[in-house]
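Enquirer: Now for the letters of each chain:
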Amino acid sequence: MSKNRYSTFSKHNCSSLKFEGIDSPVAFIDCEELHAPVKAIFRDFRVEHVKDNLWEDSHITLRKVKEGYERSSHWLDEPVVHYDPVDSVCDLTVDLIHAFASDHPGFLCLHSAAALFKKGLFLFPSTYRAGKSTLSLHLAYNGVQLFTDDALPVTSNNNEGMATGLYPRLRLPLPETVTENFRKYIKKRIVLRNDRYCYISLDQDEQPPLGTTAPIRGIILLNLDLNSNAPNLISIGKKDAIKEVILRNFARQNKALDIVERIYMIAEDADCYKLTYANPDRAAKLLIKHFN
Amino acid sequence: MGCTLSAEFGDENQDLRMIYTKNPEIIERTLADELILVDNEADNIFNLNPIGTAIWQFLQEPRETKEIIETLQSAFPEVEARQIQEDATCLLHNLVQQGLIFVTPR
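Chains as they are written, first to last, in my numbering: chain A, 1 to 292; chain B, 1 to 106.
By construction, these hints were calculated from the structure, which means they are not laboratory data. Here the structure is a predicted model, which means the values were calculated and not measured. Don't take every hint at face value.
[What the hints assert, rightly or not] Capping the alpha-carbon separation at 27 Å, the derived lysine-lysine pairs in BS3-like fashion look like this:
1) A:Lys39 x A:Lys64
2) A:Lys39 x A:Lys187
3) A:Lys238 x A:Lys119
4) B:Lys22 x A:Lys243
5) B:Lys22 x A:Lys239
6) A:Lys118 x A:Lys289
7) B:Lys22 x A:Lys255
[What the hints assert, rightly or not] Here are the in silico distance ranges between beta carbons for each label pair:
8) A:Gly106 x B:Glu28: 21 to 31 Å
9) B:Asn44 x A:Val47: 35 to 45 Å
10) B:Glu28 x A:Glu32: 45 to 55 Å
11) B:Gln57 x A:Asp258: 19 to 29 Å
12) B:Glu41 x A:Tyr128: 27 to 37 Å
13) A:Gly106 x B:Asn44: 18 to 28 Å
14) A:Ala230 x B:Glu78: 37 to 47 Å
15) B:Gln98 x A:Tyr128: 25 to 35 Å
16) B:Glu28 x A:Arg282: 38 to 48 Å
17) B:Glu28 x A:Ile190: 47 to 57 Å
18) B:Asp43 x A:Asp91: 54 to 64 Å
19) B:Glu78 x A:Pro79: 52 to 62 Å
20) A:Pro79 x B:Ala81: 48 to 58 Å
21) A:Lys51 x B:Glu28: 47 to 57 Å
Idealized CB from N, CA, C, for every residue including glycine.
Could you put together the complete structure from these sequences and hints?
Expert: Structural data, given as structure tokens:
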């Protein structure tokens with residue numbers, strides 16, 4: 001864990017934001033201009049200004065430096081600097097999810113998208129470049145409720161997935177495979193963007209409020225294969241799904257055995273699939289046909 | 001992978017007589033033909049592929065390297081002996097490094 005390395009800010013402007021559900025406020029040193037973009041992407045987290053916060057109490061600190069914005073946190077080995085304020089905000093969300101998991105002992109936190117079909121909550125665990133955000137937004141566009149496009153807390157008492165109310169984020173430019181109508185849908189809803197990313201606002205019908213939970217009924221491994229033709233959904237054994245979900249848990253405050261046992265339990269109650277696809281709209285429609 | 005026992009212990013003949021024993025604190029969970037190993041003390045989780053699982057299960061009692069390699073060779077006669085030796089020694093090396101098994105001289 002890195003330590004906040006500043007000892008005094010008497011000449012600096014230190015402001016802090018407290019996020020609902022996260023104990024330690026985030027300190028902003030000389031970069032109050034980041035408040036608005038941060039607030040813009042958290043639809044449901046109540047975000048409050050904190051007066052007289054001691055920056056030393058913050059587990060996450062952002063500071064304006066010559067090169068951009070430097071962030072240090074308990075979850076970073078070294079401070080990182082982003083030139084672009086939107087990149088800085090994007091990356092801050094990672095630490096906020098870590099902070100949330102840390103402040104909720106017993107929660108798992110999965111690097112996964114999750115969508116609520118009529119058959120229940122389905123997970124799409126994967127790292128980057130599997131297309132989970134683009135697929136997530138296509139699900140929302142086609143009427144499926146999106147819990148998250150990237151990080152899913154799993155409750156400690158009954159292993160249910162929990163919505164975060166953090167808006168989904170798309171990488172730009174959008175893939176060539178998306179339709180013109182989808183582009184228009186996205187364009188109307190952008191709340192924050194730069195050249196590389198944009199955050200998309202969804203209302204509560206499309207994305208349930210923070211704290212909404214649902215039992216996990218399915219795990220779908222994504223295989224984005226641009227050479228594939230029609231999307232293909234096949235049933236798979238629990239083995240690959242369990243391995244993938246174990247790898248995607250980034251909440252480390254639980255004992256290893258607890259993590260394994262709970263992921264086995266989740267998989268026990270879930271149907272497991274592999275989705276191979278090239279076109280996210282066709283893939284979303286295939287999933288809706290199967291699970292709605 | 002350049003992962004040989006002699007690199008670890010020095011002498012290949014002596015290496016073949018090293019004895020491997022499971023760490024009794026490690027918890028196993030079956031995953032079809034594979035295993036998940038949990039070191040709950042260090043909060044680490046490992047996955048063994050089917051071959052690794054076979055070796056792990058063969059270590060129900062302490063075994064010499066030579067014994068492990070010979071058993072694998074008879075189970076997989078179509079695989080080149082040298083390949084089996086390299087794979088087995090590499091896996092054993094990794095298991096030792098991760099504290100999942102212990103190694104002692106005979």
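Enquirer: For each hint, tell me whether it holds in the structure or not.
Expert: Hint check results:
no.: 1; hint: A:Lys39 x A:Lys64; verdict: holds (18 Å)
no.: 2; hint: A:Lys39 x A:Lys187; verdict: holds (20 Å)
no.: 3; hint: A:Lys238 x A:Lys119; verdict: holds (18 Å)
no.: 4; hint: B:Lys22 x A:Lys243; verdict: holds (23 Å)
no.: 5; hint: B:Lys22 x A:Lys239; verdict: holds (24 Å)
no.: 6; hint: A:Lys118 x A:Lys289; verdict: holds (11 Å)
no.: 7; hint: B:Lys22 x A:Lys255; verdict: holds (21 Å)
no.: 8; hint: A:Gly106 x B:Glu28: 21 to 31 Å; verdict: holds (24 Å)
no.: 9; hint: B:Asn44 x A:Val47: 35 to 45 Å; verdict: holds (36 Å)
no.: 10; hint: B:Glu28 x A:Glu32: 45 to 55 Å; verdict: holds (53 Å)
no.: 11; hint: B:Gln57 x A:Asp258: 19 to 29 Å; verdict: holds (25 Å)
no.: 12; hint: B:Glu41 x A:Tyr128: 27 to 37 Å; verdict: holds (32 Å)
no.: 13; hint: A:Gly106 x B:Asn44: 18 to 28 Å; verdict: holds (19 Å)
no.: 14; hint: A:Ala230 x B:Glu78: 37 to 47 Å; verdict: holds (38 Å)
no.: 15; hint: B:Gln98 x A:Tyr128: 25 to 35 Å; verdict: holds (27 Å)
no.: 16; hint: B:Glu28 x A:Arg282: 38 to 48 Å; verdict: holds (42 Å)
no.: 17; hint: B:Glu28 x A:Ile190: 47 to 57 Å; verdict: holds (49 Å)
no.: 18; hint: B:Asp43 x A:Asp91: 54 to 64 Å; verdict: violated (26 Å)
no.: 19; hint: B:Glu78 x A:Pro79: 52 to 62 Å; verdict: holds (54 Å)
no.: 20; hint: A:Pro79 x B:Ala81: 48 to 58 Å; verdict: holds (52 Å)
no.: 21; hint: A:Lys51 x B:Glu28: 47 to 57 Å; verdict: holds (53 Å)
Violated hints amount to a single one, hint 18; each of the other numbered hints is respected by the structure.
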